[in-house]
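Visitor: Each chain, written out:
4 protein chains.
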Amino acid sequence: MEAFIRERKQLKLKNPILVEGFPGLGYIGRIAVIYLIKQLKAQIFSELYSPYFPYHVIVGSGGKVRLPRARFYYWQNPDSEKNDLILLTGDSQAQTIEGQYDLAERILNYAMKQGVKTIIATGGYMAKSEDTIPKVVCVSTNGQLLKRMLKSGAQPTPEGNPIVGVVGLTLGLAKFKKIDSACLLGETPGHMPDPRVSKEMLRVLSQFLDINIDLAGMNKEIQRAEEVFKKMEDAQRRLEAYTKERVETEGKKLTYIS
Amino acid sequence: MEAFIRERKQLKLKNPILVEGFPGLGYIGRIAVIYLIKQLKAQIFSELYSPYFPYHVIVGSGGKVRLPRARFYYWQNPDSEKNDLILLTGDSQAQTIEGQYDLAERILNYAMKQGVKTIIATGGYMAKSEDTIPKVVCVSTNGQLLKRMLKSGAQPTPEGNPIVGVVGLTLGLAKFKKIDSACLLGETPGHMPDPRVSKEMLRVLSQFLDINIDLAGMNKEIQRAEEVFKKMEDAQRRLEAYTKERVETEGKKLTYIS
Amino acid sequence: MEAFIRERKQLKLKNPILVEGFPGLGYIGRIAVIYLIKQLKAQIFSELYSPYFPYHVIVGSGGKVRLPRARFYYWQNPDSEKNDLILLTGDSQAQTIEGQYDLAERILNYAMKQGVKTIIATGGYMAKSEDTIPKVVCVSTNGQLLKRMLKSGAQPTPEGNPIVGVVGLTLGLAKFKKIDSACLLGETPGHMPDPRVSKEMLRVLSQFLDINIDLAGMNKEIQRAEEVFKKMEDAQRRLEAYTKERVETEGKKLTYIS
Amino acid sequence: MEAFIRERKQLKLKNPILVEGFPGLGYIGRIAVIYLIKQLKAQIFSELYSPYFPYHVIVGSGGKVRLPRARFYYWQNPDSEKNDLILLTGDSQAQTIEGQYDLAERILNYAMKQGVKTIIATGGYMAKSEDTIPKVVCVSTNGQLLKRMLKSGAQPTPEGNPIVGVVGLTLGLAKFKKIDSACLLGETPGHMPDPRVSKEMLRVLSQFLDINIDLAGMNKEIQRAEEVFKKMEDAQRRLEAYTKERVETEGKKLTYIS
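As they're listed, the protein sequences go chains A, F, E and H.
Residue numbering for the first sequence follows my numbering, beginning at 1176 and increasing consecutively.
Residue numbering for the second sequence follows my numbering, beginning at 1176 and increasing consecutively.
Residue numbering for the third sequence follows my numbering, beginning at 1176 and increasing consecutively.
Residue numbering for the fourth sequence follows my numbering, beginning at 1176 and increasing consecutively.
Hints listed in this document are in silico derivations from the structure and should not be mistaken for laboratory results.
Just so we're clear, the structure is a prediction, and the values are computed from it rather than from any experiment.
Don't take each hint at face value.
Since the list gives no way to pick out one identical chain from another, each pair is judged satisfied if it fits inside one copy or across any two copies.
To be verified - Calculated cross-link-like contacts (lysine-lysine; reagent style DSS-like; alpha-carbon spacing at most 27 angstroms):
id: 1; residue 1: LYS1257; residue 2: LYS1216
id: 2; residue 1: LYS1292; residue 2: LYS1352
id: 3; residue 1: LYS1395; residue 2: LYS1288
id: 4; residue 1: LYS1288; residue 2: LYS1352
id: 5; residue 1: LYS1189; residue 2: LYS1288
id: 6; residue 1: LYS1239; residue 2: LYS1353
id: 7; residue 1: LYS1292; residue 2: LYS1239
id: 8; residue 1: LYS1405; residue 2: LYS1239
id: 9; residue 1: LYS1353; residue 2: LYS1257
id: 10; residue 1: LYS1350; residue 2: LYS1288
id: 11; residue 1: LYS1326; residue 2: LYS1350
id: 12; residue 1: LYS1352; residue 2: LYS1239
id: 13; residue 1: LYS1326; residue 2: LYS1239
id: 14; residue 1: LYS1239; residue 2: LYS1288
id: 15; residue 1: LYS1352; residue 2: LYS1184
id: 16; residue 1: LYS1350; residue 2: LYS1189
id: 17; residue 1: LYS1239; residue 2: LYS1322
id: 18; residue 1: LYS1303; residue 2: LYS1406
id: 19; residue 1: LYS1350; residue 2: LYS1239
id: 20; residue 1: LYS1352; residue 2: LYS1213
id: 21; residue 1: LYS1239; residue 2: LYS1303
id: 22; residue 1: LYS1310; residue 2: LYS1239
id: 23; residue 1: LYS1216; residue 2: LYS1353
id: 24; residue 1: LYS1353; residue 2: LYS1184
Given the sequences, and given the hints that come with them, work out the whole structure.
Guide: Below is the structure:
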């Protein structure tokens, strides 16, 4: 089978900007886009299914099931001068190289059909900085777009870093579709969901999109992530203590184990 | 080459329900469906071949060979008010992600052609419960269908578990074909064929399908599996005893081995 | 790109039987078919190239290069009552599952075009028997063909063994093309080329095909393989002696190495 | 999506010879071709994109991004009697078997369209020779071409070595397109970029193509590579010293660690 898009509603959006956030390093982009969807009460209008997504279904509430998918939401800007938004998030990235290219291309083709001229792809990059405020960097296919992002609080990226996965390919293929594209990447250690970084990214996004987003709700997400992290650290500490003790005890008894 | 279906007979079945059981965790579904086929004396009518099945042939009796395949059997319900059955089992699941999607879609397309409105996919899920009677849980694309399954003895599933492979994709893709679909998953440690669980699943199935299935024959399967398991345990115990002795002996002689 | 066949000559062969031998366990089939080609002075007439073969070229004599390929040779039986032969061998099997199915299907389609009604696929199977004369077993899609092979010296196969790769798929797909097919599998430890077994296979083949093949030339092949094997054994023994000594020496000095 | 070529200029070149250098062992070919492009001030005219290249984008100067790609440059020979050049290099080879075949075939088809009759593919092969001047060997699909390469300073290759990747497949597929093809392979330990070898290759190439190339600039590349190598060696030595010390210290305290 081929990937396909199921359209629930046919829309005519006003100069829509697409903001994309798939799972990736630290789940930065996905957390940010889902928060935007909730805050703006954006409505779903389309779903994308792909044979390159994982081959399972996800069990939802009440014993219902569904395939992994990506979903397009829309938000109509009450200010008639400003851009409408399409918000895109998915359960997963594609699982093979060709699948990654296929997914990015289908997203772009569908965006074109919706009249999208600008795409913002969001994600994370791994870094162990000691900054208290996590950095959000930007790269773009368009100099003008980059400048506006830097003005909105993003920082420039050093040369030479590859941007892997759907974020990268969305940018890379956008220019062949005549769509301007930028990505925002938040700095994260990357081993677990990192809403602290998503919050900074939302700051840049709301500035860039010129929309008011109440970020207070993100603090709850951050607190929850910190609690999970603390529990994991405690477990790790207990494991190490146990292992140390065991080594000291058993080290006296054994000299060799196959 | 593409996957293809060879039809031996053209049938007109009466509101057929498809019950599918491929090899998977504990072989729960496959054992159950094969038992159903035997008990109902269901007849084969079609075979599906796929380039995503393993690339070997299986040697049968008398030096004959055949490719891995999935087979569709039919059973005509003598009660003219009740549903006919299509029973589907296969030698293997598909071996790649795209292959898994391809297989599930071809099964659904063929089911549609046969007039199937309801599919029950069966399989296992890993759990180490201490229950004496193994649990059989149900998820469904349809609330009504789910209710009927719960009434037939299945239990609801907790949220969030992914259902991997052909069972999951059959459910996930069914809604795009306007087919109602449920799956029954039996709880199993999963490391070997587990007919104990298939028996419980057959209980739920016969209740749901409103057919009398004599389950006595399953006890022989269970006994055989237990004998195999006991032999494996014995072998494991002997191996451990041997290893322990060897460590104690050799530990005196050696302090380092590259 | 797709796989393709380059035809050097257009032939009209007399009831041709195809004998196929690709590299596999012990190289049994490939060695046997190459020997047949040489002994019968069979002529090449077609080549098959596939994007599923390894992605390299092979450097031949005089700095020339060529892609991995499979080659079809023909031999016209001087006895006008008997079958002509097509002999097929290749540098490699296909490297992916779909590639294996693709290769087998293209071989069969081409065989059909040449008027082939019977295919003999040859290969090896792993076994550590103590028999002085290596066993050659047969499986077939056709009971008559099997009987003739058993009469020619092949032995029946126990049930249940899978036959992996191009040999298996040739058999498995043959019946959909209305071609009778048998395979001959020689018993081998399988870790290196095993011409001893190919020789026994040639005995069966020449009997079955009713052709005189002088097998004396195979003895040279066998001798060469034995010399290589002896050298490998010597190297292994020296390596073990060295390792033992090193352990005894270093074991005195070290108690722990990370 | 399928691979595609974006043509920036439509050219009519004079008997163009294509010289190809992708990343590979020691980056020999890529370094040589990039140097040629710079020295000849060759101009880009086409770009090839492929879903078999890595699924990321590369961040360039000023926060701009681009997909991995291969680029075709041209150089018009001022001598009207001599061949124009097409110089091809890429960020990466294709990442799957089928992708490798696909890439090589697309390069050849495009070369045919440009009127190319001869392709020189460049790369490396692994060898630990003690020669002070690294060897550059040649294999070819055409005896005449091979002779000219040997006259230009290349050496013949021993039989039997496979040539892996885009270099090999370019040669292997060229003959089906009626293009003569040779490859130059430089001897390298292969674990890091090795411009010393690229320099020798450029000597052969400039002789063969009958163009003056100033190789002085290569010395800077070589020096830089040597400095990097020395730093890596120093780091390695420090690591070993540290490990040794740690073993000696900790070996006294511990006899067993799990």
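Visitor: Against the structure, test the hints numbered earlier, and report the numbers of the ones violated in rising order.
Guide: 3, 8, 20 and 23
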